[in-house]
Amino acid sequence: MSTDQMAHLTDAEDGASLWHDAWLRLRKNRAAVTGGAILLVMVVLAILTPWIAPYGYEAQNLDLGATPPSAAHWLGTDIFGRDLLTQILYGGRISLAVGFIATAVALVIGVTWGAIAGYVGGRVDSVMMRFVDILYALPFMIFIILLMVVFGRNILLLFLAIGAVEWLTMARIMRTQVQSLRQQEFVEAAVSLGLSPFAIIFKHIIPNALGPIIVYTTLTIPSVMLLEAFLSFLGLGIQPPQTSWGLLISYGAETMEEYPWLLIFPGMALTVTLFSLNFLGDGLRDALDVRGSKD
Amino acid sequence: MIRFILWRLLQAIPVIFIVITATFFLVRSAPGGPFDSEKAVLPEVKRALEAQYKLDLPLHEQYVAYLTDLSQGDLGPSFKYPGRSVNEILGSGLPVTAELGLYALSFALFIGVLAGVFAALKPNTRQDYIPMGLAMIGICMPSFLLGPLLVLVFGIYLDWLPIAGWGDLPGDKILPSITLGSAYAAYIARLSRAGMLEILSQDYIRTARAKGLPEWQVVTQHALRGGLIPVIAFLGPAFAGLLAGSFVVETIFQIPGLGRFYVQAAFNRDYTMILGTTVFLSTLIVFFNLISDVIAAWLNPRLRAQFKGGA
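Protein sequence lines correspond, in order, to chains D and C.
Take the first sequence: its letters are residues 2 to 296, numbered as in this note's numbering.
Take the second sequence: its letters are residues 150 to 460, numbered as in this note's numbering.
By construction, these hints were calculated from the structure, which means they are not laboratory data.
Treat the hints with care, since some could be wrong.
[What the hints assert, rightly or not] To be clear about the criterion: a stretch of chain C counts as covered by chain D if any three or more of its residues have a C-beta under 8 Å from a C-beta of chain D, and this derived list gives those stretches: (1) 157-165; (2) 269-279.
[What the hints assert, rightly or not] Non-contacting residues of chain D with respect to chain C, defined by C-beta distances greater than 12 Å in every case (computed): (3) Ala54; (4) Ile135; (5) Ile143; (6) Ile174; (7) Arg183; (8) Pro213; (9) Leu232; (10) Pro241.
Where is the CB? At the ideal position from N, CA and C, for every residue including glycine.
Please put together the full structure from these sequences, using the hints given.
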């Protein structure tokens, strides 16, 4: 913890040098840079999908049926003659959107919860964190399935349900950060200047705890995407006519004996994205020195 | 130690109670009754059915009745399979899932610890990078992708192993166990590598080496015990993950276990079955978390001392 505080002190002295240092260190990590680049390409492709997809999302060609990769259909077609590349692009939009949006939900709840608990301290803190402890012990995978069954398989609910699961660790990380930060002189100065706790938390504490938040966020996105794919594979997540990588993998697995490309390409899309996010997250953790092991 | 166990037990009780209560009211608040699908049910028949399943009582009385039954270990009848109780269905699925989980976990522990220790002995060399690279693949390759791929390669192309079933054909337990276990093998490899690296730099390891002990004895007799604490602490949460993983693996390989029953119950809206399974699985998960915490505490001398001293 003391090296952590040192890092924050030097940060206060020479401005943005912590971030500059981190960037230099990240750039040297080839796996992380490759991961980041692949991810960037994926996100750009997902955003541009409606304009760059080679075929329309609903375009079928029943006479064609399932064909292996060819010049006209780079990744082949499914049994309805739909272009697989187009399906993967549209599926990626949903998979990535679930990953980012559900993580954002988790981020907002977790950071706010942890910051308040850590800043207020005392009995409020112990009640809030005991609540987190209890939720931690709940079997959430089962609960998400239960929610999807009870309230229908709705994509908005999926965002909320996943986000509601993933905020717990974020809250714990944030609380630890806040507890170490609130002892620092600049926070005391802010208090003596008469700033409201709200302003102190959002202007002084959260910006200084950004490193761990960024790292954990990067590592939450892949686990959220995995959760979505898992549910969609079981038929409890994304529902047709929408599609996602998990759903495409589930269709592919049904017909893999005759048409293996329908399993392999969506599987590759998901695995490569998860890989990139994990490498980027690990790289960021080392670069931002989140564990405080600076030697 | 007993204080620690009692303290953790006390924490587990409210958790299980919350699970039961939340699940009960969630399931009861679901839109549509379980008998809505049968179109031509006469009103009298429907009323009789509702009375049989106690759906005609006010909600809080249903809750009390459910808790009373539950305290006697009775999870109630299944909605979709009227002749069978939830207890019977769970009882037939549990041994299958337990066996699958046991094989998967044994596979994960064996491969994971071996790879992790191996990597930690020569950090930042090829002996470290190759197993850790494989572990990264294991973490990023979800079971619902790995399973079909293994079936495709070993079941269909090479035709070495059966592609589905459980205990029907020789070797049909191999692919499901590997599919379920591989992600955990990967996590365990990473955890045991990190744990071993930390322990191997400690003074008492240097002492053991200075005494002239051969390296394998240093590892097996001195380092493993401390280095594997993180792995044991991981086994509790891993158990919950294994159960969730069994939903997918049992579906892929058509194994008649708890996971497949749960997914089917979710699809059939078999409310008592969902309720019973959720309560049962949650209790199991909480229980296993407890056991793994207690074992990890027992292995960790510092924590042991803390609770002996009467904290």
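These are the hints, each one checked on the structure:
1. 157-165: holds (count 4)
2. 269-279: violated (count 0)
3. Ala54: Alanine 54 of chain D is indeed farther than 12 Å from all Cβ atoms of chain C, at 23 Å.
4. Ile135: Given that some Cβ of chain C is not farther than 12 Å from that of isoleucine 135 of chain D, nearest at about 6 Å, it is violated.
5. Ile143: 5 Å, violated
6. Ile174: 17 Å, holds
7. Arg183: The claim holds: arginine 183 of chain D sits with its nearest Cβ about 26 Å from chain C, beyond 12 Å.
8. Pro213: For proline 213 of chain D, whose nearest Cβ neighbour in chain C is about 18 Å away, the distance exceeds 12 Å, so it holds.
9. Leu232: With a cut-off of 12 Å, leucine 232 of chain D comes too close to chain C, as the shortest Cβ separation is near 10 Å.
10. Pro241: Given a closest Cβ separation of 15 Å, the condition holds.
In this structure, the earlier hints numbered 2, 4, 5 and 9 are contradicted, and the remaining ones agree with it.
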